[in-house]
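Chemist: Read off the chains here:
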Amino acid sequence: MSSPSKRREMDLMKLMMGDYKVEMINDGMQEFYVDFHGPSESPYHGGVWRIRVELPDAYPYKSPSIGFVNKIYHPNVDEMSGSVCLDVINQTWSPMFDLVNVFEVFLPQLLLYPNPSDPLNGEAAALMMRDRAAYEQRVKEYREKYAKPEDIGAAPEEKSSDEELSEDESDSSDEQVAGKADP
Amino acid sequence: MLKLGFLGFIVSFLVPIFVGFALGDYLNCSYKFLIAFLVVVILSIMGFSGVFSSLLHYMLPRKRACEGVAVHEDTDNNNENKKIRILEAADPTVKISSDVVCGENNCNSNSSDNHGSGSLVKKEEKEEASFMALGDANSTDIDEDLHSRQLAVYGRETMRRLFASNILVSGMQGLGAEIAKNLILAGVKSVTLHDEGVVELWDLSSNFIFSEDDVGKNRALASLQKLQELNNAVVVRALTTNLTKEQLSDFQAVVFTDISFEKAIEFNDYCHNHQPPIAFIKTEVRGLFGSVFCDFGPEFTIVDVDGEEPHTGIIASISNDNPALVSCVDDERLEFQDGDLVVFSEVHGMTELNDGKPRKIKNARAYSFTLEEDTTNYGAYVKGGIVTQVKQPKVLNFKPLREALTEPGDFLLSDFSKFDRPPLLHLAFQALDKFVSELGRFPVAGSEEDAQKLISIVTNVNESLGDGRQEDINPKLLRHFAFGAKAVLNPMAAMFGGIVGQEVVKACSGKFHPLFQFFYFDSVESLPTEPVDSIDFRPLNSRYDAQISVFGSKLQKKLEDAKVFIVGSGALGCEFLKNVALMGVSCGNEGKLTITDDDVIEKSNLSRQFLFRDWNIGQAKSTVAASAATSINPRFNIEALQNRVGPETENVFDDTFWENLSVVINALDNVNARLYVDQRCLYFQKPLLESGTLGAKCNTQMVIPHLTENYGASRDPPEKQAPMCTVHSFPHNIDHCLTWARSEFEGLLEKTPAEVNAYLSNPNEYSTAMINAGDAQARDNLERVLECLENERCETFQDCITWARLKFEDYFANRVKQLIYTFPEDAATSTGAPFWSAPKRFPRPLQFSAADLSHLHFVMAGSILRAETFGIPIPDWVKNPKKMAEAVDKVMVPEFQPKKDVKIVTDEKATSISTGSIDDSAVIAELIMKLKQCQKNLAPEFRMKPIQFEKDDDTNFHMDLIAGLANMRARNYSIPEVDKLKAKFIAGRIIPAIATSTAMATGLVCLELYKVLDGGHKVEDYRNTFANLALPLFSIAEPLPPKVIKHENLSWTVWDRWILKGNPTLRELIQWLKEKGLNAYSISCGSCLLYNSMFPRHKDRMDKKLVDLAREVAKVDLPTYRRHLDVVVACEDDEDNDVDIPQVSIYFG
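Sequence order for the protein chains is G and E.
Just so we're aligned, residue 46 is where the first sequence starts under our numbering, counting upward by one.
Just so we're aligned, residue 29 is where the second sequence starts under our numbering, counting upward by one.
Chain G extracted, bound-state conformation (with noise of 0.2 Å):
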């Protein structure tokens, strides 16, 4: 084997050992949860996120896939599906960089500095531009209700059986289809 696959290996245990909650879908190591905490100093501090993570057959020469699953009110994260405009994790990515990169400096980063001249959210960006403190109270807002600490323990464990496997099996060209949750 080659090393791509250890490097996946290699990075989540990185990721593991920098005490993020990694939880796995299924024992692939293809996707997986990991839970976030919005940074202080930001309106988003105090929030935690679940972010959906994918790794890509050509991982680390391909980015990861990143996405929110509870709603963030942020000019580059789309409010609907919860993906992210950022380029070090799509265009600028390098295979240099890795997950623990990518939870400790790329999201963080993102959420402190958030870019309202390349909207994914064009009505986030808009506010922040025009009023900066009606921005930061309508962050808050979405945080208590969407992203409360307490919450997200429960909210996964629905998605990580049937769908998760369909959606496996639909994009199944060469990869192997993983097993069924661990029990």
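One or more hints might be untrue.
To be verified - Below, computed lysine to aspartate or glutamate pairings styled on EDC-like, alpha-carbon distance capped at 16 Å:
no.: 1; chain 1: G; residue 1: Lys59; chain 2: E; residue 2: Glu1096
no.: 2; chain 1: E; residue 1: Lys748; chain 2: G; residue 2: Asp64
no.: 3; chain 1: E; residue 1: Lys1133; chain 2: E; residue 2: Glu1096
no.: 4; chain 1: G; residue 1: Lys59; chain 2: E; residue 2: Glu1160
no.: 5; chain 1: E; residue 1: Lys591; chain 2: E; residue 2: Glu618
no.: 6; chain 1: G; residue 1: Lys190; chain 2: E; residue 2: Asp803
no.: 7; chain 1: G; residue 1: Lys190; chain 2: E; residue 2: Asp948
no.: 8; chain 1: G; residue 1: Lys59; chain 2: E; residue 2: Glu401
Claimed, not checked - If the Cβ cut is set under 10 Å, some of the chain G residues that face chain E in the computed set are:
no.: 9; residue: Asp80
no.: 10; residue: Ala103
no.: 11; residue: Tyr106
no.: 12; residue: Asn121
no.: 13; residue: Asp123
no.: 14; residue: Asn135
no.: 15; residue: Ala171
no.: 16; residue: Met173
Treat the hints as calculated values from the structure; they're not laboratory data.
In this text, a Cβ means the ideal position worked out from N, Cα and C, and glycines have one as well.
Here the structure of chain G is known, so what remains is to put chain E in place on it, guided by the hints.
Modeler: Frame of chain G, contents of chain E only:
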């Protein structure tokens, strides 16, 4: 070095839900790369439908007047009857007094007939003239279904020039046949095959057309019919008598594969001085040596030197300075080079630069360059601006052969380890010509006497050169040259057929840079490692005699008994099958070749997958290819399968299958499959011969157990993809618009109807699932379903027109109005910088007008497809613009009010956050209620018909809608629009492909196959290639060895595997590794984790047998005969450094 791997066709094109989700897994062929090739000279945007009816004519499988020259005159007796007809001479005054026979006639029976001097040529001219007059469109327009992949390389202008070119190919042994094949597939106007000799058994080593029955027939005549079958739109003729130079004036390009230098010089002088000049190519393959000489005339103009799309940049600033510094946005690196000419457009402020004048650039950097221009007094740069490279034509002054022989200039190098070869081979080929003219025969294989004679001729020629002579004439190499001189080998013919075919295309079109002027190549490393006894070279009176004369009969036996697996039966696969059939690979009693491909034949395949004919469309590729290959060599032991190779077919391609193979040849079109086969070959320690093409480029890579690195060890950088926000709201090029268009197409016509059907099939189950999900996605799905069944439900065609018209309003007016309401033109970011700054482009809404045909066309395509999803019949008048316009004007379009935005909402924040964030579950419940109501009004059997995007059908309106969506959006953002064809290339991700580069790649691989099947070659003997026929460039080099990893006193490579026997437990495995100084922290099987030291619950697994863990956790289904399983272990040494250890095989039996 780039590896080219591609997949082509069905690629899901969603705007990713998660970043990087949809595109990357499937594709490796860089988007940019692809686009770079789409140098399409767009002549007309409109007028497809008008042309289309005439194109239908081209698609007919039956034969047409333009091929069967004399057919016009008696239509009741024409070729449809497949009668054998002999064209009689009638007019003795024609200038070509030779036996010219057309492809449609049965040449075999003709060959014995003496039909006088061929008046039919004259007739033909007349006929062609009248044909042209009748249907100009027919002869100059392009069957885009057939040629789409090739069009993506050449563009329409080049294709039109090809269609007007008449080519002579003289010498119909293997090389001539390959060249003619490539040109006929490309679609020139006519190919005339010239050969005065007869087919010998000897020819069967290299010529895929001849069978043993053809021995004794004239080569040109024997080739005619089978070559004609490749493309009915090309006139194929045979010429069997002595050629005079005056006859050459009938052609735009002439190719000689078997001609003496004396004759060549005479012909070349004539061609060189002819007005206009006739492109002249002399080429030969002699054993493992080959040569090409090109002379396209004293002043040949190249229109496009490299075939790459002009580079562009988005300007960020320009200084008022001398020289002026131009900086571009740092989204993408600039690809300009010093000396390039560029033009500017859309520059605000420094408008002096917008004059369209080409300017030369200097100091080209990644994001900036300077202009040799004093801009001090120009207006100050404000914003905007695009800089575009202007491609300059280039003029080449070719020397005629007479001069070039003594002053050859620079040779095109291919292999830097052989930099001194070309001058030597230049002498060797001249010496061989002398040898043949003196003795009237080629040197005999194995004859030291003949070899010595050749060497002495070379020595004499060399001595006569004085100062220009070679230091070392390498007698050992010349001996090999002499021995093989008589033989034409198939792999060499395939390779040179590709190169020369491409040169002819260049000569006819001015597209790509010609070979200037000599090219020499050898592959002596392909010879067996052990010396061959001269007796072993002797002919055995078999079809392989030519090959035996080069390699000896021992290697021939090895080839025949080889067990080969060819993965894929597309363009590469077809060429490979032809090559190996001719080489006799797997043609012995012990031999067996397995080919597999799960695809069926489509029309667009026919322009290069030459084993397929139009009547095979819809049939399985592998089966058709295998049966065609068997007719090339009846002794071929071949089995055709329709299985895709992957983890799901490991029951078909099981351990025994892999273990029995001698070699694997990849003929794939996607990286994932390549990686999978690579892993299997690594596992079973099998040689893998890998190749790929992209347009005029190709590469080959040899993966040899323990000698070279594996395919997956190096990778192309992943393809760049546009950021989502760009695609959503801020497109700045047509690719962004097309990406968006495909995503909208899928949403509207495929996903939503499918979602509707999912609901209707089982409303309760669907509703429950949505309630359980309870998220934004579920809500969105329900909203779409409801919209489709309620407000936007269509019952009549007029409803569909209304829908399409309102979609137009929504996409191209309302959304844009909303966006520029949210972000006005003067909006500034928090830092005060303008929001609408490069690369963002400020959009403007469109005002619908039925008088604008592109608007109308959009509504037409949209309403037709919408009607299809609802099963509503499409009226005939739909294509009548006037009626359509009337219908569209009936649609009531509500006035748009921008959503009162965030400023207002901020005041009411106490009441609600905004519609977007109302509790999803409450909305979901309400939507389900409404849906239930709605369903009552529907017939119980009502279902929608989802539409799947199909790019290759010009009549289905899919590309019309996608091009419409993309172009209207482009218009919003003032981005240049594209025609439907170019839209199809980009949106359909059509991989540019041509026959020439494919043929060359397979020839190169088969030269390596000799080495693999001989066995015992060292890594220095193998060659990987990267080539670009457009430049032309050949970069041939030794493969890289595998990386050696060392740990303590152990060392290993990727080819190694560790074995642990005795059915160990997890703990035992960890302990076993511990004893080697390795701390295992993670163990996985397939994509499943068996153990990770971070998971406390995994500690419970310590004393389980690994095989049981694999069965329980990873759900590995081990076949009953299998006694082991393989796990991947991630380890650290005692200093916490990661150590990449081999795969570990756990034996439990």
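Chemist: Hint by hint, which ones does this structure get wrong, listed from lowest number up?
Modeler: 1, 2, 8, 9
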